[in-house]
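Just so you know, the protein sequences line up as chains A and B, in that order.
Heads up: take any position in the first sequence, counting from 1, add 1, and you land on the working numbering.
Heads up: take any position in the second sequence, counting from 1, add 1079, and you land on the working numbering.
Please note that a few of the clues may not be correct.
With a cut-off of at most 30 Å between alpha-carbon atoms, the simulated DSS-like pairs for lysine-lysine come out as follows [unchecked claim]:
hint	chain 1	residue 1	chain 2	residue 2
1	B	K1096	A	K307
2	A	K292	A	K332
3	A	K266	B	K1310
4	A	K194	B	K1246
5	B	K1294	A	K97
6	B	K1318	A	K332
7	A	K110	B	K1318
8	A	K266	B	K1301
9	B	K1168	A	K161
10	B	K1301	A	K307
Short derived list, chain B residues pointing at chain A, Cβ under 10 Å [what the hints assert, rightly or not]:
hint	residue
11	V1092
12	K1184
13	G1187
14	E1243
15	L1302
16	I1307
Read the hints as simulated data drawn from the structure, not as lab findings.
Keep in mind it's a predicted model, so treat the numbers as computed, not measured.
No residue lacks a Cβ here, since even glycine has one placed at the ideal position from N, Cα and C.
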Amino acid sequence: MRLCSRRAFSGGSEIVGEIWAFSENVELLHELLSGAEELSKKLGASSAAVLVGDGVREVAEELGRYGADKVYVVDDPAFSAFSPEAYAEAIAQLAKQFEPSAILVGATKRGKELAPRLAARLDAGCATDCVRLEIDEGGRLVVTRWALGGNIAAEEVFLKKPWVATIPLRVFEKRVFEEKKCEVVESKVSVEKPKAVVVESKKKEAGAPLELARVIVSAGAGVKNREDLKMLEELAQLLDGQVGCSRPLSADYGWFPEWIGLSGKKVKPDAYIACGISGQIQHIAGMRDSKVVIAINSDPNAPIFKVCDYGVVGDLYQVVPALIELLKKRKK
Amino acid sequence: MRIVVCAKVALDVSQIKVDASTQTPVLSGAPLKVSDFDKNAIEEAIRIREALGGEVFSVTVGRPESKAIREILAMGVDAAYVVSDQSLKEMDALVTSKVLAAAIKEMGSFDLVLCGESSIDGFTSQVGPRLAELLGIPQLTYARKVSVEGNEVVVERALEEEVEVVKAPLPALVTVTREVNVPRIPTIMDIMKASKKPITQWSLSDLGISPEELKPAVAVEKLQAPKIERKGVILEGLKPEEAAEAIVEALLKEGILRG
Ligand SMILES: Cc1cc2nc3c(=O)[nH]c(=O)nc-3n(C[C@H](O)[C@H](O)[C@H](O)COP(=O)(O)OP(=O)(O)OC[C@H]3O[C@@H](n4cnc5c(N)ncnc54)[C@H](O)[C@@H]3O)c2cc1C
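Okay, chain A solo, but in the shape it has when bound (with noise of 0.2 Å):
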C-alpha cells in the first residue's frame, strides 16, 4: 500500500473530507462520482470512488473520466460475492482509516441494506433515496427526500459527519472529464466470512431499464389479464416507448419485474401514459418528475386526474384500441 494525504485541504488549515461514492451498478457509480465532483467542490475537498469486489481493481483508472480524484480498491476473492455484511465491514475500515466526509451509496436495494449497516458500523446517519444534495452555509449536507407516503417532500440536514446517503439512478447526470487522471489506492481489509450466503440467484426477464425510457405505457390494475398487456406493448412500440406498471402488477400477479412508485422504481419519461392506474401516493412518488402526464381511467374521481397533464375518462380497453389504430395510421 502506498501512503496518500490522508485528506484533502481546504482554504487556510481546516481539513475537510473527500466526498466519497459507491455502488454495485456501474451506471449509477458513474452519476454518483458526478455528484461526488460536485459536492466536494464545493467543500474544497476531493472526491473518491470506492470500489470493493473481486477482480474490480483493473477498471479503477476509467473512473477518473467521471470525476473521482482518487480511488480506493479492495480487491479480494473474498469480495466476489456482494454482501451487506463483508462490504459495510469492508468500506467501514477504508472510512475510519481515511475519514470521509461523506460516502453516497447508489440507491439499488443492495445499496440501500448496505447503507444503514455501514452508517451503524461508523454511529453515523444516513438518508435514503436522495433526490438533492446541498451544502449549507454551515458546510453541513442538507439534502431532499420523498417521506410521509411520498408526497411531501422532506428536507434533512446531517447533524454529524460522516454523512452517508443513498441516491437513486437519475439525480446527478453523468459527465465526462477527458483529461482527468485519477490516483489509485490499493487497500487491504480483512472482513469475517458472511453468515449469509445467496444459494440460488436467477436472473429476472430483463428489459431495457424502464429509467431510459422516453416514454412509458404504464399498466395499472384497471389491466384484467396478462394477455391485455400485449395491446399497451404495441402502443409502447409505436410510442418508441416501454410497458412499466404499478406495484399490484408486479408485486401481485408477477407480470413484471419491477413496478413504478415509491418502494420501486423512480422514472422521469417525457411523457408517462398511465392506464388503468388509480394515482395513490406511493405510485406517483415514482413518477412524479415525468414531463407529460397522461391517464386513461375509467373513474373520474381517479386521483390521478388531479396531477395528470391530460386525462382522459374513459375504458382503456376501448381508448387505447383506438389510440394503436390512430397512431398505425399516421405512420402510413
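We have chain A already, so just place chain B with the ligand on it with the hints.
Below, chain B with the ligand without anything else, positioned relative to chain A:
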C-alpha cells in the same frame, strides 16, 4: 423459537392533510396505525410460530399508543414491549435502532428478528439493517418468502435484476415486503384474548441508556408538499376515437410525437 418483531406505530400517511396556505402537512393529531409492512412481519412471525412452536414478542419504540399495541397482540403476538421516554422526541433511524437493540437485548435470547422493509411514514428502510449490525447478526432483506429450516432461515428476495434465495444461521434478522403474506384481521375473540396479554413499558433508564447516547445524526428541517404543476386538462364523455385524437394532439403539442 423465540421471535422478536419490530412494530412501529406510524403516522397514517393516507390521512395526512396538507395546510393549503403553507403547503405543509398537518402532523399534530394525525391518526396513527401499525405500519403496514410491520403487520406483514407480525403475520410472518405468527405463521412461523404456528409451524414450529415458540413465542413471538413485539417491540415498539416511540408513541405508546395503546390501541395499536392491542391490535398487535390481537393478531397473535404473545407479549408486547414498548419503549417510550420524554427524551425520545427527535428520533432518526440511528436513535430508533439503538433503542430497539437495547430493548431486544433486555428481552432475553432470540432466534429471529423480523422487521418490515420500511415504515410507511419515514420510509427510510434503515432500521432493519442497522439493527442487524448493532446486534451483530446477519440480515436478509426484502424477503417475499421466509422459511425456517433447522437452525437456518431461508428467504427468497427479488432485487432489480435477479431473484435470490439467501440463507443464514440463526440468530438472524429478516425484513419482509408486503408480498410475503396477507396479514390476518383479528376476530372479536382475538381482541378479547389480547386484553389479557402482557404489555411491558420501559423508559430509557430501564434499559440503562442515557439520552446523551442517543443524539440523532440527521434532523428534519422542513416538510413541504410539492406544488403540482400539471395542466389538468380532463376530457370526459368523448368517444374512444375522439379521445385518441385528443391524446395524439397532446403528444404532438408536447413534442413527444413529430407532426
Ligand atoms: C408503503 C406502501 C408502498 C407502496 N409502494 C407502491 C409503489 O411503489 N408503487 C405502486 O404503484 N404502488 C405502491 N403501493 C400501493 C399503492 O398504494 C396502490 O395500492 C397501488 O398503486 C394501486 O395500483 P393501481 O393504481 O394499479 O390499482 P388500483 O388502485 O386498483 O386502481 C385501478 C384503477 O384502474 C381503473 N380502471 C379499472 N378498469 C378500468 C378500465 N377498463 N379502463 C380504465 N380504467 C380502469 C380504476 O378506476 C382504478 O382507478 C404502496 C403501498 C404502500 C402502503
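How the hints compare with the structure:
Restraint check: the Cα-Cα separation between K1096(B) and K307(A) comes to about 16 Å, which is no more than 30 Å; the hinted pair holds. With a CA separation close to 24 Å, the supplied pair K292(A) and K332(A) stays within the 30 Å bound. Pair hint K266(A) plus K1310(B) holds up; C-alpha atoms about 24 Å apart against a cutoff of 30 Å. Taking the CA atoms of K194(A) and K1246(B), the gap is near 14 Å; set against the 30 Å cutoff, the hint holds.
Between the alpha carbons of K1294(B) and K97(A) the distance comes to roughly 20 Å, so the proposed pair stays at or under 30 Å and holds. Between the alpha carbons of K1318(B) and K332(A) the distance comes to roughly 22 Å, so the proposed pair stays at or under 30 Å and holds. This hinted pair does not check out: K110(A) and K1318(B) have alpha carbons roughly 44 Å apart, beyond 30 Å. As the CA atoms of K266(A) and K1301(B) are separated by approximately 25 Å, the hinted pair is consistent with the 30 Å bound.
Proximity of K1168(B) to K161(A) is assessed by CA-CA distance (about 18 Å); at most 30 Å being required, the pair is judged to hold. Between the alpha carbons of K1301(B) and K307(A) the distance comes to roughly 24 Å, so the proposed pair stays at or under 30 Å and holds. For V1092(B), the interface hint holds, since its Cβ comes within 10 Å of a Cβ in chain A; the closest pair sits about 3 Å apart. Against a cut-off of 10 Å between C-beta atoms, the interface hint on K1184(B) is violated, since the closest Cβ of chain A lies about 15 Å away.
For G1187(B), the suggested interface contact is broken, since its CB lies about 21 Å from the closest CB of chain A, more than 10 Å. For E1243(B), the shortest C-beta to C-beta distance to chain A is roughly 5 Å, which falls under 10 Å, so the interface hint holds. At its closest, the beta carbon of L1302(B) sits 5 Å from a beta carbon of chain A; the interface hint therefore holds under the 10 Å criterion. This hint holds: I1307(B) has a C-beta 6 Å from the nearest C-beta of chain A, less than the 10 Å allowed.
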